[in-house]
Amino acid sequence: MTATINRQPANPGRRLLLAWMVAIFVFLYLPIIVIIIYSFNGGRNLYVWTEWSTHWYGVAIDNPRALSALYVSIRTALINAVIAVAFGVFAGIALARRKGAWTVPYLGLIFVILGIPELVSAIGQMIWFDRLGIFDGITRLSIGHSLFNVAVVALIVRARAEGLGETLEHAAADLGARPWRSFIDITLPLMFPAVLAGLLLSFTFSFDDVIISLFVQRPGTSTFPIYILSAMKAGLKGDVAALAVMMLIVSMIGIAIAAWLIARGGRGRTLGGLLG
Amino acid sequence: MAADVELERVSKLYGSFKAVDDVTLAIREGSFISLLGPSGAGKSTILRMIGGFELPDYGTVRIAGHDVTMLAPYRRDVNTVFQNYALFPHMNAAENVAYGLRQDGVPAAERRKRVGDALDMVEMLSFADRKPSELSGGQQQRVALARALVKRPSVLLLDEPLGALDRKLRQQMQVELKLLQSQLGTTFIFVTHDQEEALAMSDSIAVMRHGRIEQLGGPTELYDNPATAFVAGFIGTQNFIPGHRLGDSLAMRSERGVVFEASRAIRGLKREAHVLGAVRPENVLLAAREPSARNRLTAKVAASVMLGDTMEFVLTLPDGRELLSRMPRRGVDILPEGAEVWAYWESESFTLFPFEDLESRQGKPWPN
Amino acid sequence: MAELTADTVPIRIHRRGMPRWTMAWPALAWWTVFFIVPLLWIVVYSFGSRPGAEAPGPVALETLSFDNYRQALSEIFFRVFQITMRTAGLGTILCALFGFPVAYAIAMHVPARWRSILVFLLIVPYWTSFLLRTFAWRIILAPQGTLSDVLQALGILSRPLLILDSNAAVQLGIVYNYLPVMILPIYVALERIDTSLIRASMDLGAGPLRTFLQVTLPLAMPGLLGGLVLTFILAAGDYVVPTILGGTKGLMVGNLIATQILASQNLPLGSAMAVMLIGLLAGVLILAGLVLFVLQRLLKLARGAPL
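Protein chains in written order, with the working numbering: chain Z, 1 to 276; chain X, 1 to 368; chain L, 1 to 307.
Here chain Z stands alone, though its shape is the one from the complex (with noise of 0.2 Å):
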């Protein structure tokens, strides 16, 4: 004889925050889908759709003041991704690491960073750079993009280093290695995973990134979501619809690599502690 079924009572309130969950993540993401498929939109008028085509492809990638605002674009991720590393990394160790009555100071400075209106930080850094007046467009860019970005990595980095705890490193110390060859050998290599993550986050929030880049850049030096800015402004024509999603599969691919590398070294939960 088999067992009788028992059926799993009805849970209607389960069912119903299970769907308002679904509604959501489509709101998120009806956006992204609608700019997607509009960029295939043949007609002359974005808004209104009539036809697929990749028309608007072959356009933006014939236009040379979008190139060359990409090239700028590039080049300042580039450069301030490096800057955040360079100086993150070191900063999210020694937070892990070396704490003292110095890291809740410190700490409280990484979140007026990371909180603070970024409108407010790019008009200090407008007036301070044109006070300067000692650094070319991309440098200025770089520079005002970095300081975000120091401070997304120290964060990342300290997590990991905190997720791992610091026996590896007594470990080495143990069997005889110098604090800088135990920082080589077993530091370092450990902290890979979040020092990458933290390269191609901060690659991509400078990619994307608008309010800083509009009051620090000069003349000639505009960064590809500022020429998409103000083509918007201009008047939006299907070339601007294409290369953004050209520039939203780029952020999205480096944004995902990094997300997938943080959660793999820690929990989910650092990548909460990321945000804003």
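Think of the hints as simulated: they come from the structure by calculation, not from any bench.
We put the CB at the ideal spot given by N, CA and C, even for glycine.
Misleading hints may appear alongside valid ones.
Claimed, not checked - In silico DSBU-like pairs for lysine-lysine, Cα to Cα no more than 30 Å straight-line:
| no. | chain 1 | residue 1 | chain 2 | residue 2 |
| --- | --- | --- | --- | --- |
| 1 | X | K178 | X | K131 |
| 2 | L | K249 | Z | K237 |
| 3 | X | K113 | X | K178 |
| 4 | X | K168 | X | K178 |
| 5 | X | K131 | X | K113 |
| 6 | X | K270 | X | K300 |
| 7 | X | K18 | Z | K99 |
| 8 | Z | K233 | L | K249 |
To be verified - To give an idea of the chain L side of the interface with chain Z (calculated C-beta under 7 Å), a few residues:
| no. | residue |
| --- | --- |
| 9 | W41 |
| 10 | V43 |
| 11 | V102 |
| 12 | W127 |
| 13 | S129 |
| 14 | V291 |
Said to hold, decoys possible - Calculated from the model, a selection of chain X residues having no Cβ within reach of chain Z, i.e. all distances over 10 Å:
| no. | residue |
| --- | --- |
| 15 | A26 |
| 16 | G52 |
| 17 | H90 |
| 18 | D104 |
| 19 | L125 |
| 20 | Q183 |
| 21 | E196 |
| 22 | L216 |
| 23 | H244 |
| 24 | E255 |
| 25 | M311 |
| 26 | E322 |
Based on the hints, put chains X and L in the right spot on chain Z.
Then chains X and L, alone, in the frame of chain Z:
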């Protein structure tokens, strides 16, 4: 190869908490000593001060006669097997073992040979290419041991290294560690909270509590002649009976007015002192009829517990307190619950300790 | 426990070497020069005045005054401040209402292996181009767009959708953009709750609703409050959303400041407004801290009297 380790009046404070409180300890070269105690007793802190990971606030640490108190870990002729092995996850087993030799600049050929020998010694040679994540807990444990021993340290520190292994594997490793130690002649300092483990492996055991060494001695001595009620209760199991000493005799009167005779009282015990009388369950015998022994009580069987080769009886005394009795299974029947019996023990197995409050411990004192 | 006697000499000397936090210095130096100093300059500029037509530079600092603050509090600007607070405040509340069930669903009603994927899906849009996602709403909400056509065809609207370039569109953009900022901290707090606590509460006879109100919600409070503060701060300082979706009717402080600086060349007034914005946000933060403190006290009191 082996070396003496000496701690002289060593203290370590965390804020106002004394993790280690004025400890003096001399460890003879080539011996196997265990630091045994409940968590927070300071045993790991002592190990970490010998290893160089913590600096003592007071006192001196000497290894082979040299003052190493303030020396960095990498300058000490001491290696550690860490609690969770601390194998480098990005190196395979052989690279892990080779790491220490690399730091000493041992030539490649000799290094390969010694790494091979060390892995062979712990029977891990065939796993040399595996990453730690591809090894089981017991295998990681062996690699960690090889990594520490390949440097031929004069002192090996082991920080609860068997804690993460299951019971069977733990017992096997206990035997292997003991054999290894007697072969190598290296001084082993072993931290554990498991009294059976300490009894099985050590030449001597330092029982620790509240940052101090409560008693230092061989396994037999600690088991048979514990210096305090805490040690008596921590090593093995005890039945404690609170009461007062009768004058300066070797007898006590329990709070219910029953008189018990002991053969031994801790030195310095005052007249009429508040005492704990202690008897081990294996010395508590049961009889159906009133026995002739001086120390006897009537009791009711509350439960019979099968422990494999022995039976344990949980007895309830008329006043509601519990008494444990343990005896070999042969010839003993499971007594039915509620059976009335006599429990008795000889005065030779009864000791009087100064009273102390032993909450939350094996061999609970009787509630007052 | 024996006292340490006088003859034991304390050795509180540390090993020689670099100060413990040397590794954190380069970043600190970087931030000091390029973050803290610029912020101080904003404060200085906010007391300056617009230079005369022939004077060089963007600001005159010979005479410092509160004129800019007075001007910033004038009626027009004050209204924009008000609108900003309203938009950010309402946006924050809507984010919490929409977001809490989502965080709750992910933390409590989704199998564990799905959780990190969903969190990942939540973060990816937030971290990728803010500009483009906001801009996409222009396509969706366009009067000649598909949504507008559909709504008209269904008879819900009698004329094209006219929501763009208004405060309503800004409100939508704010909720859309900052929803992940609200959901994640709440999720983190909820996920940390030991589910056995909830089972224990049920076991002790509390129904689902009481369990939620008395166990789950109090434990999620720090996350919720964190989400509220973060969302409000980011929303109140936003510039991109009102610029793209608000047109001239959906102004927020961010636009106002940017306009003063980029278009009107009035750096001192823009700086004063920026300082006021920061002051306001700091006030909100302190208030939130106080609320949390009081809540914790109240909770302790409530727990302290179980009988």
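### Separation of L125 (chain X) from chain Z, once the least beta-carbon distance is taken, above 10 Å
holds (20 Å)
### Query
Is it correct that the beta-carbon of H90 (chain X) has no partner in chain Z closer than or equal to 10 Å?
violated (5 Å)
### Query
Against chain Z, with CB atoms and a cut of 7 Å, does the hint on W41 (chain L) hold up?
holds (5 Å)
### Query
Per the stated criterion, does the least C-beta distance between E196 (chain X) and chain Z lie above 10 Å, as a non-interface residue requires?
At roughly 26 Å from the nearest Cβ of chain Z, E196 (chain X) sits farther out than 10 Å, so the non-interface label holds.
#### Entry: Hinted contact V43 (chain L) with chain Z - closest CB pair below 7 Å
violated (9 Å)
### Task
Quickly compare the C-alpha distance for K249 (chain L) and K237 (chain Z) to 30 Å and report which way the hint goes.
Satisfied, since the Cα-Cα distance of roughly 24 Å is no more than 30 Å.
#### Entry: Given pair status - K178 (chain X), K113 (chain X), alpha carbons within 30 Å
Holds, at roughly 24 Å.
### Query
Under the criterion that the straight-line Cα-Cα distance not exceed 30 Å, is the pair K270 (chain X), K300 (chain X) satisfied?
Given that 30 Å is the threshold and the Cα spacing comes to 34 Å, the pair is violated.
### Query
Is the Cβ of E255 (chain X) more than 10 Å away from each Cβ in chain Z?
For E255 (chain X), whose nearest Cβ neighbour in chain Z is about 49 Å away, the distance exceeds 10 Å, so it holds.
### Restraint status (C-alpha distance of K18 (chain X) to K99 (chain Z) at most 30 Å)
holds (21 Å)
### Query
Holds or violated: is the Cβ of G52 (chain X) farther than 10 Å from all Cβ atoms of chain Z?
Since the minimum Cβ distance to chain Z is about 7 Å, G52 (chain X) lies within 10 Å and the statement is violated.
#### Entry: Separation of H244 (chain X) from chain Z, once the least beta-carbon distance is taken, above 10 Å
Non-interface label on H244 (chain X) holds, nearest chain Z Cβ at 50 Å vs cutoff 10 Å.
Checked against the numbered hints given earlier, this structure breaks hints 6, 10, 14, 16, 17, 18; the rest are met.
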